[in-house]
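S.K.: Which chain is which? The protein sequence lines are A and B, in order.
At the far end of the first sequence sits residue 151, using our numbering, and the numbering has no gaps.
At the far end of the second sequence sits residue 172, using our numbering, and the numbering has no gaps.
Hints listed in this document are in silico derivations from the structure and should not be mistaken for laboratory results.
Hints should not be assumed to be uniformly reliable.
[Unchecked claim] Covered stretches of chain A, as calculated for chain B (at least 3 residues, CB under 8 angstroms):
# : region
1 : 117 to 123
2 : 132 to 144
[Said to hold, decoys possible] Reference excerpt, derived from the structure (chain B facing chain A, CB under 10 angstroms, subset only):
#  : residue
3  : Thr58
4  : Pro64
5  : Val67
6  : Thr96
7  : Pro98
8  : Asp102
9  : Thr104
10 : Ile105
11 : Asn112
12 : Arg116
13 : Phe117
14 : Leu120
15 : Asp146
16 : Val153
17 : Trp156
Beta carbons: idealized from backbone N, C-alpha and C, even for Gly.
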Amino acid sequence: MRYRRKRSRTSSTLGFSATPLIDLIFTLSIFYMLISRFSTDEQTPMDLPRPHQSQAVVPKMPDRAVINCRPVDGGDLAGHGVVYSVGPNRPEPLAVISDRLAAWKRETPELKVVIRADRRIPYARVRAVMRMLAENAVPVLNVAALVGEGE
Amino acid sequence: MAASASETVCAASSAPEGSALPPRPRRRRQRPEPQSIGLTLAPMIDMSFTFLIFFVVTTRFMLPEGVLTSMMPRQGSAAAAVALPFSPIVVRIGQTGPGDEDYTIRVDRFANAPARFADLPEFLRGIQSEPGFDKDTPVVIVADDDVRWDHVVSCWNAALLAGCKNIAFAAP
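All chains, full assembly: derive it from the sequences and hints.
M.R.: Take a look at the structure:
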């Protein structure tokens with residue numbers, strides 16, 4: 001009879017590898033960030049005014065309405081080449097926006113309104129919006145401009 | 001020589017006397033192999049690239065957007081009916097061409113108005129230092145219909161830079 005010693009097998013280690021999990025989480029978060037549209041939706045891409053030593057401040061306005069004034073693609077700026085829209089909505093006549101604003105004001109009296117106007121459009125077009133705000137008893141005028149050093 | 005050496009080893013083993021089993025050879029004690037300590041680069045590179053993509057996607061290279069704030073006139077009191085306390089500083093802006101620099105600045109009752117909005121705050125501060133004027137003196141911005149919105153905002157910003165507290169807009 002021979003003495004035999006059992007050869008011990010090397011036990012395979014069972015562990016939790018977190019790296020692929022984190023990898024996947026980050027990849028998914030990037031994916032959702034790319035396809036999601038947050039509140040920046042109301043910020044229609046446009047060429048905003050860039051004043052020298054801008055005094056514009058980044059506001060905290062939870063209840064706000066943004067009125068965009070931008071030129072029509074390829075339109076004549078001096079003529080009727082300016083369209084108005086509320087946030088990401090389709091362009092509408094100013095009278096329609098005025099009615100909508102009046103309804104919002106009834107629901108939210110503290111509603112803030114921000115005018116985002118392209119820097120190239122004539123002042124008369126923006127003044128029409130300012131007049132509309134005054135008619136709707138909007139107490140504060142907020143005009144969007146770029147923050148930081150301009151020109 | 002080799003045979004005598006093995007015999008010596010067998011004699012030293014603890015085999016019971018009269019047993020049929022051959023004596024077990026003495027085992028040498030084996031030292032544990034040193035574990036190799038290494039840095040696994042693959043997950044680190046993986047994560048680095050993931051972070052890189054994350055920051056590239058989330059970084060905005062454009063200037064942030066803010067607002068300039070002003071009070072609107074109350075409804076029912078027309079602009080013409082607002083009683084201005086004393087002679088305001090009236091800044092008039094005109095458009096001379098389609099370009100960025102094609103504009104004129106005039107300040108009523110004050111000659112040598114600056115040609116550029118960058119110099120307007122200093123000019124307004126100079127007016128405020130004169131007798132009868134201060135930071136509470138209203139500044140009225142009068143812009144022609146065809147003036148670019150950019151110039152109106154620049155004028156407004158210049159008045160804010162000069163410390164003007166009352167800024168108003170008026171029709172030309």
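S.K.: Now, for every hint given, state plainly whether the structure supports it.
M.R.: Going through the hints against the structure:
1. 117 to 123: Result for this restraint: holds, n = 7.
2. 132 to 144: With 11 residues closer than 8 angstroms to chain B, the region 132 to 144 of chain A meets the three-residue bar; holds.
3. Thr58: 7 angstroms, holds
4. Pro64: 5 angstroms, holds
5. Val67: 4 angstroms, holds
6. Thr96: 14 angstroms, violated
7. Pro98: This interface hint holds because 9 angstroms falls under the 10 angstroms limit.
8. Asp102: 12 angstroms, violated
9. Thr104: Constraint on B:Thr104 not satisfied, violated at 14 angstroms.
10. Ile105: 13 angstroms, violated
11. Asn112: 19 angstroms, violated
12. Arg116: Since the shortest Cβ distance to chain A is 8 angstroms, the answer is holds.
13. Phe117: 6 angstroms, holds
14. Leu120: 9 angstroms, holds
15. Asp146: 5 angstroms, holds
16. Val153: 4 angstroms, holds
17. Trp156: 8 angstroms, holds
Checked against the numbered hints above, the structure violates hints 6, 8, 9, 10, 11; every other hint is satisfied.
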